[in-house]
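Line order of the protein sequences matches chains E and G.
Take the first sequence: its letter number 166 is residue 166 in our numbering, and every next letter is one higher.
Take the second sequence: its letter number 124 is residue 124 in our numbering, and every next letter is one higher.
Just so you know, these hints were derived from the structure itself, not from any lab.
Please note: incorrect hints may appear among the correct ones.
One copy or any two copies: either way a pair holds, since identical chains are not told apart in the list.
Claimed, not checked - With a straight-line cut-off of 20 angstroms between C-alpha atoms, the simulated SDA-like cross-links for lysine to any residue are: (1) K162 with N19; (2) K173 with P161; (3) K49 with F165; (4) K255 with Y171; (5) K68 with D261; (6) K255 with N145; (7) K173 with Q244; (8) K49 with R21; (9) K68 with Y265; (10) K173 with P78; (11) K2 with T38.
Number of protein chains: 2
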Amino acid sequence: MKLGAIEAGGTKFVLAIGNERGELYEKISIPTKTPEETLSEALAFFQGKGIEALGVGAFGPLELNKDKDNYGFITSTPKPHWANIDLLGILQRGLSVPVALATDVSGAALGEVRFGDYKEEHTLLYITVGTGIGGGYTIAGKIHNGMLHPEMGHLLVHRHPKDSFEGLCPYHKSCLEGMASGPANEARTGMKGVDIPEDHESFDFIASYMADALMSYILTLSPTKIVLGGGVMGRTYMLPKIRQLLAERMNGYLKTPQMDDLTHYIVTPSLGVESGIKGALALAMDAL
Amino acid sequence: MKLGAIEAGGTKFVLAIGNERGELYEKISIPTKTPEETLSEALAFFQGKGIEALGVGAFGPLELNKDKDNYGFITSTPKPHWANIDLLGILQRGLSVPVALATDVSGAALGEVRFGDYKEEHTLLYITVGTGIGGGYTIAGKIHNGMLHPEMGHLLVHRHPKDSFEGLCPYHKSCLEGMASGPANEARTGMKGVDIPEDHESFDFIASYMADALMSYILTLSPTKIVLGGGVMGRTYMLPKIRQLLAERMNGYLKTPQMDDLTHYIVTPSLGVESGIKGALALAMDAL
C-alpha cells in the first residue's frame with residue numbers, strides 16, 4: 001500500500017511516501033512559502049505516485065470539528081498568508097484521495113504509538129519544545145481532541161526566582177511557550193540557540209518550567225508514557241534536570257510504577273525526527 | 001432493571017437502588033466508619049433487593065488497572081482504616097453481581113453526561129471543590145483513566161498577592177487543593193465554612209486559583225463542557241468571578257464558541273447533588 005504523508009511546519013514542509021508499516025520510500029523537504037506556492041509543490045510531489053490516502057500533521061490552530069463550515073482549515077495563525085487556508089480541501093481536491101488532518105504534535109504522538117517503541121502505551125503524551133511548544137495525546141492509539149485540539153504549550157508556569165525575562169507569548173507573556181521555547185531563550189540570552197552553552201543558567205529555568213507543565217499534564221491526563229521532542233529537548237542533558245525537578249514538585253504524591261522510574265517514563269522520541277512524518281502515515285491509514 | 005449504586009465518600013456513603021434511565025427508587029446515607037462496619041451496612045442494604053449489578057464511585061486513590069493484584073482496592077489513602085481495602089472484591093463477593101468502580105468525581109462526570117443535561121457533550125470535565133478537590137473527565141460518555149485516574153486537584157497555582165495562607169496539602173502545601181478546598185479556607189479564615197461571609201476576600205483568592213487550574217485543564221484536555229460541583233462551588237456567586245478571571249488569563253487565545261460564552265461553558269451540575277449517585281448507576285450499567 002502506498003500512502004502519502006505531510007508534516008507541515010512553519011518553516012518547512014516534509015513530504016513523504018510510505019506504507020502502512022511506517023516505512024518511508026521517499027522523503028523530501030521544501031521551504032514553507034505562501035500557501036499557493038507550497039501547496040502546489042506538495043501536490044506536484046504526490047501526483048502520479050499512486051497514493052491511496054494522505055495524512056497531514058500541520059501547524060495550527062486547525063479547525064478539526066467536522067460539523068464546521070471551515071473544517072480542515074488553518075484558522076487564526078499569526079503566520080503571514082496562512083490564516084483561514086483550506087488546507088484539507090486543497091489537498092483533497094488536488095489529489096482525489098482521502099485526507100486526514102491533525103496538529104503536527106498530535107501526529108508525532110500518533111507516530112510514536114503506532115510505529116515507535118511505545119506501541120503498548122494506552123495513553124501517550126508527546127510534547128515538542130522548539131520554535132513553539134505544543135502537546136499531543138493519544139488514547140488507545142487514537143488522537144485526543146476536544147472542543148479543539150490541545151494547546152498545551154500555553155500553560156502558566158511559575159517564574160524561576162533568578163529569571164527576569166518577561167516572556168515572548170503575545171497572549172500570555174510568560175506562559176510555558178513564552179518562557180521556554182527556542183525563540184524565548186534566544187531573546188532571553190541574546191544568543192542564537194546553537195551558541196548558548198550547555199551550562200547556561202537559562203537551561204535551569206527551562207527545566208523548571210517544563211517540570212511545572214509536566215506536573216499539570218500528569219495530574220490531569222495521567223499518561224502512561226511521556227515523550228519530549230523538538231529542538232530544545234534535543235539537548236538531552238536537560239532530561240535528568242527535568243525529571244529531578246518534577247520528582248521534587250510531585251513529592252511522592254502519585255504512587256505508580258511510572259513515577260517510580262522517571263528515566264523510562266519521560267523519554268526522547270523513539271523515531272527521532274521522524275515521529276511527525278510517520279504519524280502522518282498513520283493518519284493516512286486512518287483516512288481509509 | 002434494578003441496579004445498585006454507591007457513592008463512597010470520606011464522611012458518608014450514599015446507597016441507592018435505581019434503573020438504567022437514572023431513576024432512583026430508594027436512597028439512604030450512612031456515616032463512613034471502619035470498612036468492616038460500613039461495608040457490612042452497605043451489603044445489608046443491597047442484599048435481597050435483586051440488583052443485577054452495582055456501580056461504585058469512591059474516594060481514592062484507587063487501583064483501577066485490571067492487571068494489578070490489588071485491582072479495585074482503595075490504596076494509599078491517609079483516611080484511618082481505609083488504606084489497602086479491597087473495596088471492589090468485598091462488594092462483589094458479598095453480592096455476587098458484577099461491580100464497576102471509579103473515583104467519586106469520575107462517577108459524577110459520568111452521571112452528568114449520561115443522565116444530566118449534558119448528554120451531547122463529547123468531552124466533559126467535572127471538578128468538585130469541597131473537602132477535597134478532584135476532577136473527572138469523560139470522552140464519548142466513557143470515563144478517562146491513564147496510568148491512574150486523574151488527580152487534578154493537585155495542580156500548582158499562582159499565589160494571590162494578598163493571600164498569605166501557606167496551604168494545607170501534605171504533599172504540595174500550596175497546590176489547588178491546599179489553597180482552595182473547604183478545609184483550606186477554614187484554616188485560612190479561622191471560621192467554619194458556613195460562617196464565612198459571601199464578601200470575604202478569601203473567595204477572591206479561591207476564584208483566582210480555580211481560574212489558574214481551569215486554564216490548565218482547558219489547554220490540556222479541551223473539554224466541550226465544564227461542570228463545577230461540590231460544597232465550595234455551591235456558593236454560586238463565585239462562578240461569575242471564576243469565568244471573568246479565566247477570560248482575563250486566556251486573553252482571547254482560544255477562539256471557540258465555548259470560550260466566547262463562558263456562562264454556558266462553565267456551569268453547575270445539572271443533577272445537583274445527585275451527579276455522583278446517578279453516575280454510579282451508569283457504572284452499574286457498564287458492569288453488565
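Status of each hint after checking the structure:
1. Neither within a single protomer nor between protomers do K162 and N19 lie at most 20 angstroms apart by alpha-carbon distance, with minima of 49 angstroms and 59 angstroms respectively.
2. For the homomeric pair K173 and P161, the shortest alpha-carbon distances inside one copy (17 angstroms) and between copies (19 angstroms) are both at most 20 angstroms.
3. When the C-alpha separation of K49 and F165 is checked against a cutoff of 20 angstroms, the pair qualifies neither within a copy, at 50 angstroms, nor between copies, at 66 angstroms.
4. In this homomeric assembly, K255 and Y171 come within 20 angstroms of each other (Cα to Cα) only across copies, at 12 angstroms, whereas the closest approach inside a single copy is 36 angstroms.
5. In this assembly of identical chains, the alpha carbons of K68 and D261 lie at most 20 angstroms apart only when taken from different copies (17 angstroms versus 43 angstroms within one copy).
6. Within a single copy, K255 and N145 get their C-alpha atoms only as close as 28 angstroms, which misses the 20 angstroms cut-off; across copies the closest is 15 angstroms, which meets it.
7. Only between protomers do K173 and Q244 lie at most 20 angstroms apart by alpha-carbon distance; the minimum there is 19 angstroms, versus 26 angstroms within a single protomer.
8. When the C-alpha separation of K49 and R21 is checked against a cutoff of 20 angstroms, the pair qualifies only within one copy, where the shortest distance is 18 angstroms, while the shortest distance between copies is 54 angstroms.
9. Taking CA atoms no more than 20 angstroms apart as the test, K68 paired with Y265 passes between copies only; the shortest distance there is 19 angstroms, against 37 angstroms inside one copy.
10. Only within a single protomer do K173 and P78 lie at most 20 angstroms apart by alpha-carbon distance; the minimum there is 16 angstroms, versus 39 angstroms between protomers.
11. Proximity of K2 to T38 under the C-alpha cut-off of 20 angstroms is found in neither arrangement, the shortest distances being 22 angstroms within a copy and 61 angstroms between copies.
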